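With chain X held as given, fit chain E onto it using these hints.
Respectively, the protein sequence lines represent chains X and E. Residue 237 in my numbering sits at position 237 of the first sequence; the count goes up by one each step and never skips. Numbering-wise, my numbering comes out as the position in the second sequence, counting from 1, plus 362.
Among the hints, a few may not be true.
Part of the chain X face toward chain E, derived, beta carbon under 7 Å [as the list claims (entries may be wrong)]:
#1 F59
#2 V148
#3 I155
#4 K158
#5 W162
#6 G166
#7 W168
#8 L241
#9 I281
#10 W285
#11 P318
#12 F320
#13 N323
#14 G335
#15 D337
Source of the hints: derived by calculation from the structure; they are not laboratory data. Here the structure is a predicted model, which means the values were calculated and not measured. For glycine and all other residues, C-beta sits at the position ideal for the given N, C-alpha and C.
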Amino acid sequence: MISFQKRAGTSKGRAWTRQFISIIVALLTCAAVIALLGYNPLEVYRQIFAGSLGSLYSFKEMILTMIPLSLLSLGVIFCLRIQFVNIGAEGQFYAGALAASYLALRHPDMSAAGLLPLMFAASIAGGGLWCAIPALLKLKLDVNETLVTLMMNYIIIKIIAWLQFGPWKDPTIKGYPVMPAFSDSAILPSVLGIHSGWVIALALFAAAVIVLGRTRFGYQLAVMGSSPQTARYAGFKTGLLLMAATAIGGGFCGVAGFIQASAIENSLTYQMSNGWGFTAIAVAWLAGLRPAQALLVSALFAILLQGCAYIQISLGIPFFMSNIIQGIILFFVLGSDVFTNYRLVIRRTKDTQNALSERGGK
Amino acid sequence: MTLLDIALFGQTAVLMGTPLLLAALGEILTEKAGHMNLGVEGMMLAGAAAGFIAGFYTNSPALAFAAAGAAGAAGALIYAVLTVSLRANQIVTGFVLTIFLSGVANFVGSDLGNSTLGDGFTSVGDGGSFFSSIPFFGPVLFEQSRYVHFSLIMAAAVWIYLNKTSPGLSLRMVGENPSSADAAGIPVTFYKYSHILAGGFLCGAGGACLTLVIVKRWQESATAGMGWIAIALVIFAAWGPLKAVFGAYLFGALRGLSFKIQNAPISIGGRSLSVPAQILDLLPYIMTVVALILITLGKKRENQPPRSLGKPYFREER
Chain X
1 MISFQKRAGT SKGRAWTRQF ISIIVALLTC AAVIALLGYN PLEVYRQIFA
51 GSLGSLYSFK EMILTMIPLS LLSLGVIFCL RIQFVNIGAE GQFYAGALAA
101 SYLALRHPDM SAAGLLPLMF AASIAGGGLW CAIPALLKLK LDVNETLVTL
151 MMNYIIIKII AWLQFGPWKD PTIKGYPVMP AFSDSAILPS VLGIHSGWVI
201 ALALFAAAVI VLGRTRFGYQ LAVMGSSPQT ARYAGFKTGL LLMAATAIGG
251 GFCGVAGFIQ ASAIENSLTY QMSNGWGFTA IAVAWLAGLR PAQALLVSAL
301 FAILLQGCAY IQISLGIPFF MSNIIQGIIL FFVLGSDVFT NYRLVIRRTK
351 DTQNALSERG GK
Chain E
363 MTLLDIALFG QTAVLMGTPL LLAALGEILT EKAGHMNLGV EGMMLAGAAA
413 GFIAGFYTNS PALAFAAAGA AGAAGALIYA VLTVSLRANQ IVTGFVLTIF
463 LSGVANFVGS DLGNSTLGDG FTSVGDGGSF FSSIPFFGPV LFEQSRYVHF
513 SLIMAAAVWI YLNKTSPGLS LRMVGENPSS ADAAGIPVTF YKYSHILAGG
563 FLCGAGGACL TLVIVKRWQE SATAGMGWIA IALVIFAAWG PLKAVFGAYL
613 FGALRGLSFK IQNAPISIGG RSLSVPAQIL DLLPYIMTVV ALILITLGKK
663 RENQPPRSLG KPYFREER
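Just chain X, same shape as in the assembly (with noise of 0.2 Å):
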């Protein structure tokens, strides 16, 4: 009889080396998955590893993969901490590039000075506000958070592919329908040749370590993840807190879709995201939902993306190899999750069997 065991405590030590020994597996098997196709896994990786690190070029393509990847996951992270199942970082994404674009349509002859701060709070009240309607109707009306920021998602993206389409369409433009360019003040200027966006999300991150580690805010958030009731009988105002926590997480997500905006699209488009939003998820979910480690995870992505960019050109891959790199390491990862906290019992039914008697003679 196979069966899991409870171990009897938790241990820092054992869901590091669990998630190594995974990874390492997963490289392995994708070597074989890429042998399997025809290609040389080593040279692939060599080249991943050289079209993402090799040059300052591919270095900063790395880095603008990574800028809006880690600001959702950190967007996520703050959700799932208080056990609100947000899968809607794609959808709040939309909902800050939406909102800043706004402005930046709207008042195009206004200095940078006054209005790359104003995007930059209206994404967070767009971002914020996509993610506080299914936390209000999870409150008020204790409806699955879960479904409805997955519909969030689409509602988002249909409204600003019908702006792109009609209203907001650039009448000078002939063709495929696209928003009119942003004008020069509401495009993030860049900071050591990479778009300042990256300095928002590090000084975000360090903002989201110190809230959740050292402030009472942070406190009883934890508290409230960790166990509802006790946040109740603490007599924390709890419902305040899950709108609190729904608010800044949509709203790091929202600020994520307006540095895309502004930095790389210079326009609103319904197609920018590349699915960042879904693997925020999964990278929240891979650092355990701790800021500094999502930090490490989503660069490790960006890595693998911008890697898989490059040997599309170099090796003539085509670029779904990245997805499928992608999901055999996190099956992997997945699948091992149980062993931290679980042991893998075989035994046979006759073991078991006096395994029961003991117990039950105690």
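Positioned in the frame of chain X, the structure of chain E alone reads:
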């Protein structure tokens, strides 16, 4: 619009709704076993690719159908091993399954862009039969692909299975309260595996309906978000297979209408319809959120999500 126009539109709506219906039925079986598989989009795409490839090489609709179902079930097997046996987080596993399978499907499909299907796939349906001479319902329901008939039979079968048979009752018990099911001697693990796999098969078949019947060719990411609408449909139908039929055709009609509007404006009674296509695309999601709120407020027991949906089951912690 004449009656013929309406019938033609009904035909489109039913056809468009069929992949959604098949996938939603699959997800209903999965969720009734207490597992929320967000890999529907991936499994549909895998089925769409596998079905097209098998159809392209064998020219056999039956083999293509089997291949599509098998591809979906194979994806579901990964999900089942991870979430049933290894108790992995269901939400994350489902998303990762979608990421993985879209990678695999688009990877193997990357050479198929311009391929067309052989003559084994040209017939739309059995046009000359007795049923198709019935006005309106003839063309709408009977002058249709076999996938339409299969999905309707499956909807009825799943409804009977869930509501009128003893294994169906056991399945619902597994989804509501696995430990009582276990105590009652129901093989919980077997029930979970078999229904997750059957769910994957139906999702794969739904994907095949798209590439083999509706568009008749392979496109990159052919399903284009249909899997998420199918998940919406499960909620919209309150986990009921028969309500899913109506929901699927309603969503199918909206999709058909949105395609039509993109190509040419539609006029009803001399007045042209001026709803943007994207707003029509948006309606299924809004209706789903509203439906979910109403279901939650209604508190009718049979409409609620299975109680242990998304929760891992450890027998040892009973």
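Would the stated hint for W285 (chain X) survive a check requiring a Cβ distance to chain E of less than 7 Å? Holds. Min distance 5 Å.
Restraint: G166 (chain X) near chain E, CB-CB cut 7 Å. Satisfied or not? holds (5 Å)
Is the interface hint for L241 (chain X) satisfied, with its Cβ closer than 7 Å to some Cβ of chain E? violated (22 Å)
Against chain E, with CB atoms and a cut of 7 Å, does the hint on G335 (chain X) hold up? holds (5 Å)
Regarding the hint that F59 (chain X) lies at the interface with chain E, is the smallest CB-CB distance below 7 Å? violated (25 Å)
Does K158 (chain X) meet its interface restraint, that is, does its C-beta lie within less than 7 Å of any C-beta in chain E? Check passed: Cβ of K158 (chain X) comes within 4 Å of chain E, closer than 7 Å.
Restraint outcome when V148 (chain X) is required to lie within 7 Å of chain E by C-beta distance: At about 6 Å, which falls below the 7 Å cut-off, the nearest Cβ of chain E leaves the hint on V148 (chain X) intact, so it holds.
Given hint W168 (chain X) near chain E, where the shortest CB pair must fall under 7 Å: The hint is violated - W168 (chain X) has no Cβ within 7 Å of chain E, the shortest such distance being about 12 Å.
For the restraint on I155 (chain X), tell me whether the closest CB of chain E is nearer than 7 Å. holds (5 Å)
Classify the hint on N323 (chain X) as holds or violated, based on whether any CB of chain E lies nearer than 7 Å to its CB. holds (3 Å)
Once the shortest beta carbon distance from W162 (chain X) to chain E is found, is it less than 7 Å? Interface hint status for W162 (chain X): holds (4 Å vs cutoff 7 Å).
Restraint satisfaction for F320 (chain X) [CB to CB of chain E, less than 7 Å]: holds (4 Å)
Of the numbered hints given earlier, the model fails hints 1, 7 and 8; all others are met.
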